[in-house]
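S.K.: Chains A and B are the protein sequences, given in the same order.
1 is the number of the first residue of the first sequence in the working numbering; add one for each residue after it.
1 is the number of the first residue of the second sequence in the working numbering; add one for each residue after it.
It is worth saying that the hints were derived from the structure and are not from the lab.
Be aware that a few hints might be false.
Among the chain B residues that face chain A by a calculated CB cut under 8 Å, a handful are [stated by the list, open to error]:
id	residue
1	P7
2	R15
3	Y31
4	C32
5	M38
6	P44
7	E50
8	P60
9	W65
10	V69
11	S82
12	A83
13	G92
14	E93
Don't be surprised by glycine CBs; every beta carbon is placed ideally from N, CA and C.
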Amino acid sequence: MRDIWRDVLSTGGTRAESAVIFAAEVGSEPKALVALVVFTIASLGLGVAANRFVGREAGFLKKYFLGNRSLGAFAVALTAAVMSGGTFLGFPAFVYAYGWITALWIGSYMVAPLTVLGVMGKRIGRMARRTGAITLPDLFRERFGSPTLGLITSVLVMFFLTCNLIPQFKAGGVIMKKVLPAAATDWATSPPSDDLDIKVDLDTGYMIGLTIFTATVTAYTAYGGFLAAVWTDVFQSVVMAIGVLILLPLSLWSAGGLAAATARGVHDAGIGYAFGPGAGRSFHPITLAVSFFFMWAITSMGQPSTLVRLMAFRDTRTLRYSMIYLTIYNFIIYVPLILIFIAARSVVPGLSKPDEAMPSLVIKLANPYVAGLIMAAPYGAVMSTVSGFLLIIASGLTRDVYQRFLRPHASEKEIALMGHVATVGVGLVVALVALRPPEFLQLIIIFSSAGMAAAFLVPALMGVYWRRATAAGAIAASLAGSGVVIALYALGMLPIEGTIAARLLPANPDIGPASSFRPYYLLGFDPCVWGLASSLVAGIAVSLFTKPPDEARLSLVFDDGPAVEPKFDPPKREVESRGSEEPEAPAEPSATERRNE
Amino acid sequence: MPVPNRPDRLFRHARSEAIFIASFWLACTVYCCAYCYMYGYITPSRPLTERDVKPIWGVPSWVFWGVFVPWLVCGIVNVVFSAWFVADDDLGEERAAPIADPGGTEADVA
Numbered sequence: 001m002r003d004i005w006r007d008v009l010s011t012g013g014t015r016a017e018s019a020v021i022f023a024a025e026v027g028s029e030p031k032a033l034v035a036l037v038v039f040t041i042a043s044l045g046l047g048v049a050a051n052r053f054v055g056r057e058a059g060f061l062k063k064y065f066l067g068n069r070s071l072g073a074f075a076v077a078l079t080a081a082v083m084s085g086g087t088f089l090g091f092p093a094f095v096y097a098y099g100w101i102t103a104l105w106i107g108s109y110m111v112a113p114l115t116v117l118g119v120m121g122k123r124i125g126r127m128a129r130r131t132g133a134i135t136l137p138d139l140f141r142e143r144f145g146s147p148t149l150g151l152i153t154s155v156l157v158m159f160f161l162t163c164n165l166i167p168q169f170k171a172g173g174v175i176m177k178k179v180l181p182a183a184a185t186d187w188a189t190s191p192p193s194d195d196l197d198i199k200v201d202l203d204t205g206y207m208i209g210l211t212i213f214t215a216t217v218t219a220y221t222a223y224g225g226f227l228a229a230v231w232t233d234v235f236q237s238v239v240m241a242i243g244v245l246i247l248l249p250l251s252l253w254s255a256g257g258l259a260a261a262t263a264r265g266v267h268d269a270g271i272g273y274a275f276g277p278g279a280g281r282s283f284h285p286i287t288l289a290v291s292f293f294f295m296w297a298i299t300s301m302g303q304p305s306t307l308v309r310l311m312a313f314r315d316t317r318t319l320r321y322s323m324i325y326l327t328i329y330n331f332i333i334y335v336p337l338i339l340i341f342i343a344a345r346s347v348v349p350g351l352s353k354p355d356e357a358m359p360s361l362v363i364k365l366a367n368p369y370v371a372g373l374i375m376a377a378p379y380g381a382v383m384s385t386v387s388g389f390l391l392i393i394a395s396g397l398t399r400d401v402y403q404r405f406l407r408p409h410a411s412e413k414e415i416a417l418m419g420h421v422a423t424v425g426v427g428l429v430v431a432l433v434a435l436r437p438p439e440f441l442q443l444i445i446i447f448s449s450a451g452m453a454a455a456f457l458v459p460a461l462m463g464v465y466w467r468r469a470t471a472a473g474a475i476a477a478s479l480a481g482s483g484v485v486i487a488l489y490a491l492g493m494l495p496i497e498g499t500i501a502a503r504l505l506p507a508n509p510d511i512g513p514a515s516s517f518r519p520y521y522l523l524g525f526d527p528c529v530w531g532l533a534s535s536l537v538a539g540i541a542v543s544l545f546t547k548p549p550d551e552a553r554l555s556l557v558f559d560d561g562p563a564v565e566p567k568f569d570p571p572k573r574e575v576e577s578r579g580s581e582e583p584e585a586p587a588e589p590s591a592t593e594r595r596n597e
Numbered sequence: 001m002p003v004p005n006r007p008d009r010l011f012r013h014a015r016s017e018a019i020f021i022a023s024f025w026l027a028c029t030v031y032c033c034a035y036c037y038m039y040g041y042i043t044p045s046r047p048l049t050e051r052d053v054k055p056i057w058g059v060p061s062w063v064f065w066g067v068f069v070p071w072l073v074c075g076i077v078n079v080v081f082s083a084w085f086v087a088d089d090d091l092g093e094e095r096a097a098p099i100a101d102p103g104g105t106e107a108d109v110a
């Protein structure tokens, strides 16, 4: 079972699995416990501060789920950096295992600040303000005038993110269990269990850890909302950066230089350590190298968490500065990480489990208190991931289900209560499921990220830049993209021998990380490439074959100073010209009308 | 008489910037992948040995020229582009009311 964790790490390293590895390495280390307590207190404090920081004048939803559209450049940059436990554990693991080829594997981060923030940032920010959108389904629904699209988006977001959350909760629970003093969990008899086994038995220590983690993270998220999640993200990103900058000189000095470390790696792992496609196996053939320039720089643009942040930044000056900060941040994190863990080959040679590289190196080189602080960062990463995802799901339930379909005339107080209840409720439900997480769930995390990008990136791009894009086209793009990713993962994992698929398709190439749980690499490319391509083709084709969208609605999001309120249902007669018609029955006075009044 | 579309200023700026970014991403992808494949990949027709590492400051030359130098250049381009070429645009006023729809009013409006 341990191999599964390592396999998953080497496919990209998500926060949850990395954090579990971290827990196994740290064990019941008192300094780690101190560091986790500091993180927990700091996070709760950030939740309280976030709640007080946001002004009271804004509506609840905008304040709670978007931080009142007030994110500054530093917050946008560091939350968009998606620093995680994977960054600090998963990525180092395969620098150590596969060698210099991982520099190319992560290389597209060089341009990611521009793609993630610059391609759609301004347009999403403008559209969100003009339409009053607070959630991603809101944005799609208002842009395309389609409740169906909004509902599909809500369902897909909630489905993928809920799947993502379950192992995050498990990781949080396991970490807390590992650092708790034995006396805290010995009061009840717990059946023996291997913490790295995904099938967690209902042992007392895990349950206590899960309870503490759930209570902490849901408390500060429910109280502090979006800003609490963002500030926690910033906090752990800063801690990680400090850790990297401390480790770099220590590791290079200790290794006797990079050339010596490279020679040691070649000696241990073969010549593939210094060249592509990697040591030991065809880890990163050129087709995957191309795929990963899509994976990091392009698919990140389509993640709901990214799109929500693009609805929340303060102004375009903020966006420009955040691109600069993110450029600098990526450079001082990823390039040093490569160098540090190439050097780790000399400092901590012969590790049979590459995922132990980071904790082993930190413990060997750093002051014990510094080591504790650095290694607590993945826990903070799990917490910030959970809080961000919880809010997106809660916003979907509150805004897109409760307010939209169940109680459209609910008072602000009622909506606020529902928002808090949804956040806590989702946290509790996920924690219950995490008591017995399904096997192989980490694989779901990976494909769900690719699935979300394939589902939302093309509709978002079409929505912000193409007037001719229609609701049907957006729906087709969303379903085709996510469907192709799901299908390729299914083909890779399910036995297809003897089926028609086996006869039609060439054998799955033995590339990428070693794992029995892998997608089908069609022509050697990662599923994210095929998902995005199919989404694009479907979106364009269906849009061109369906009726053009309502011009008044397009004017609202594309043109200067629209005078006509778009209608949700397109009018029966054509809108002759902008400014020549009044809306038939707006439920609320428009912004223009209010200003006139 | 239909009024011609008047794409707003922000849209025009954002579109130009997006085209530049997409082109830049494509250039980075092509350069990095092509350079690294030509000089850093072991293939049946091009077996490489330790002597081919040719380290520059300890970094294999193919990584130095294929990843790190482009990363540095990209960093400079990113900063210059963000600081001087991305236009500052008005994001507009927050909409006071949501677009009218059959779902009825929305309670959170300011």
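S.K.: Given a cut of 8 Å on the nearest C-beta pair, is the interface hint for G92(B) held or broken against chain A?
M.R.: With a minimum Cβ separation of about 5 Å from chain A (threshold 8 Å), the hint on G92(B) holds.
S.K.: For the hint on Y31(B), does the least C-beta distance to chain A fall short of 8 Å?
M.R.: Hint on Y31(B): violated, closest Cβ of chain A at ~10 Å, above 8 Å.
S.K.: Using 8 Å as the Cβ threshold, decide whether M38(B) counts as touching chain A.
M.R.: violated (10 Å)
S.K.: With a cut-off of 8 Å on the beta carbons, see whether V69(B) makes it to chain A.
M.R.: violated (10 Å)
S.K.: Measuring from the C-beta of E93(B) to each C-beta in chain A, is the shortest one below 8 Å?
M.R.: holds (6 Å)
S.K.: Under 8 Å, Cβ to Cβ, is where C32(B) needs to be relative to chain A, so tell me if that hint holds or is violated.
M.R.: The hint holds - C32(B) has a Cβ within 8 Å of chain A, the shortest such distance being about 5 Å.
S.K.: Hold the hint about S82(B) up to the distance rule: shortest CB distance to chain A must be less than 8 Å.
M.R.: Nearest chain A Cβ about 4 Å off; hint holds.
S.K.: Mind checking the CB of P60(B) against every CB in chain A and telling me if the closest is under 8 Å?
M.R.: Check passed: Cβ of P60(B) comes within 5 Å of chain A, closer than 8 Å.
S.K.: Hey, does the P7(B) contact hint survive, CB to chain A under 8 Å?
M.R.: holds (6 Å)
S.K.: Answer holds if the nearest beta-carbon of chain A is closer than 8 Å to that of E50(B); otherwise answer violated.
M.R.: This interface hint holds because 6 Å falls under the 8 Å limit.
S.K.: Given P44(B) as an interface hint, is its Cβ closer than 8 Å to any Cβ of chain A?
M.R.: Since the shortest Cβ distance to chain A is 12 Å, the answer is violated.
S.K.: With a cut-off of 8 Å on the beta carbons, see whether A83(B) makes it to chain A.
M.R.: holds (6 Å)
Against the hints set out earlier in the document, violations occur for numbers 3, 5, 6, 9 and 10.
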